[in-house]
Amino acid sequence: DQQVKQNSPSLSVQEGRISILNCDYTNSMFDYFLWYKKYPAEGPTFLISISSIKDKNEDGRFTVFLNKSAKHLSLHIVPSQPGDSAVYFCAASAWGSGGGADGLTFGKGTHLIIQP
Amino acid sequence: DTGVSQDPRHKITKRGQNVTFRCDPISEHNRLYWYRQTLGQGPEFLTYFQNEAQLEKSRLLSDRFSAERPKGSFSTLEIQRTEQGDSAMYLCASSFGRGYGNQPQHFGDGTRLSIL
Numbered sequence: 001d002q003q004v005k006q007n008s009p010s011l012s013v014q015e016g017r018i019s020i021l022n023c024d025y026t027n028s029m030f031d032y033f034l035w036y037k038k039y040p041a042e043g044p045t046f047l048i049s050i051s052s053i054k055d056k057n058e059d060g061r062f063t064v065f066l067n068k069s070a071k072h073l074s075l076h077i078v079p080s081q082p083g084d085s086a087v088y089f090c091a092a093s094a095w096g097s098g099g100g101a102d103g104l105t106f107g108k109g110t111h112l113i114i115q116p
Numbered sequence: 001d002t003g004v005s006q007d008p009r010h011k012i013t014k015r016g017q018n019v020t021f022r023c024d025p026i027s028e029h030n031r032l033y034w035y036r037q038t039l040g041q042g043p044e045f046l047t048y049f050q051n052e053a054q055l056e057k058s059r060l061l062s063d064r065f066s067a068e069r070p071k072g073s074f075s076t077l078e079i080q081r082t083e084q085g086d087s088a089m090y091l092c093a094s095s096f097g098r099g100y101g102n103q104p105q106h107f108g109d110g111t112r113l114s115i116l
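Residue numbers (this note's numbering), protein chains in the order written: chain A, 1 to 116; chain B, 1 to 116.
Don't read these hints as lab results, they were simulated from the structure.
Just so we're clear, the structure is a prediction, and the values are computed from it rather than from any experiment.
Even glycine gets a Cβ: it sits at the ideal position worked out from N, Cα and C.
Honestly, I wouldn't trust all of these hints.
[To be verified] Calculated cross-link-like contacts (lysine to aspartate or glutamate; reagent style EDC-like; alpha-carbon spacing at most 16 Å):
| id | chain 1 | residue 1 | chain 2 | residue 2 |
| --- | --- | --- | --- | --- |
| 1 | A | K5 | B | E44 |
| 2 | A | K56 | A | D84 |
| 3 | A | K71 | A | D24 |
| 4 | A | K108 | B | E44 |
| 5 | A | K54 | A | D31 |
| 6 | A | K71 | A | D31 |
| 7 | B | K14 | B | E83 |
| 8 | A | K38 | B | D109 |
| 9 | B | K11 | B | D109 |
[To be verified] According to the in silico footprint, chain B covers these stretches of chain A (three or more CB under 8 Å from chain B):
| id | region |
| --- | --- |
| 10 | 32-41 |
| 11 | 44-55 |
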């Protein structure tokens, strides 16, 4: 049972345009959401996060939107650049009963390709 | 600025052998996580330490797996009697946390394990 779903395995966007990556989740206990970017042979690199008390967070070209009622979040990249070509993972966590943050639950990733 | 460091980067071993991986977190981080990633999947949570205490363990962590974090600094993940299904990328992540409040996890570049 996948609790975090990224339904688009790949996405192709022209350089300079907006890239929109989508993520859906099913676990209503999730209260912290993150996006990671991954290049081949490297570990995931943290991009941006959002707490469930917010519906939007911006950092430079990256904006994450959270719709709690729809259990949906999205990552917007504006403008898209060639270096943005990578696999993007959506991740979520819930505050565990052990008093610490649970491990992250990841989606399967979306391969973003920026076309020149 | 040193990030999360993992050693070795690659490990090839025969089925049935024991292997041990090491992770050095970012120095001021008190939380340390282990994940496993297979082809086409997102990372899957294995276990989590706060300082030297192992607080969460996934059902993915069978009896053949053991993790330690002596003195709350570096961590080791040992797999005994390796099986073909253990072939994967093993990722370590760390974060800083105090009380309630989420902080992003930062990942190392992983150890790729291949079982012959």
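Hint-by-hint comparison with the structure:
1. As the CA atoms of K5 (chain A) and E44 (chain B) are separated by approximately 14 Å, the hinted pair is consistent with the 16 Å bound.
2. For the hint pairing K56 (chain A) with D84 (chain A), the CA-to-CA distance comes to about 21 Å; that exceeds 16 Å, so the pair is violated.
3. Between the alpha carbons of K71 (chain A) and D24 (chain A) the distance comes to roughly 6 Å, so the proposed pair stays at or under 16 Å and holds.
4. At most 16 Å may separate the alpha-carbon atoms for a hinted pair to count; K108 (chain A) and E44 (chain B) meet this at roughly 10 Å.
5. Taking the CA atoms of K54 (chain A) and D31 (chain A), the gap is near 10 Å; set against the 16 Å cutoff, the hint holds.
6. The straight-line distance between the Cα atoms of K71 (chain A) and D31 (chain A) is roughly 11 Å, inside the 16 Å bound, and the hint therefore holds.
7. With a C-alpha separation of about 9 Å, the suggested pair K14 (chain B) and E83 (chain B) falls inside the 16 Å cut-off, and the hint holds.
8. At most 16 Å may separate the alpha-carbon atoms for a hinted pair to count; K38 (chain A) and D109 (chain B) meet this at roughly 10 Å.
9. Under the criterion of a C-alpha separation no larger than 16 Å, the hint pairing K11 (chain B) with D109 (chain B) is consistent with the structure, at around 14 Å.
10. Interface restraint, the region 32-41 of chain A with chain B: holds (4 residues with C-beta to C-beta distance below 8 Å; minimum three).
11. Counting residues of the region 44-55 of chain A whose C-beta lies closer than 8 Å to any C-beta of chain B gives 5; at least three are required, and the coverage claim holds.
The structure does not agree with numbered hint 2 stated previously, though it agrees with all others.
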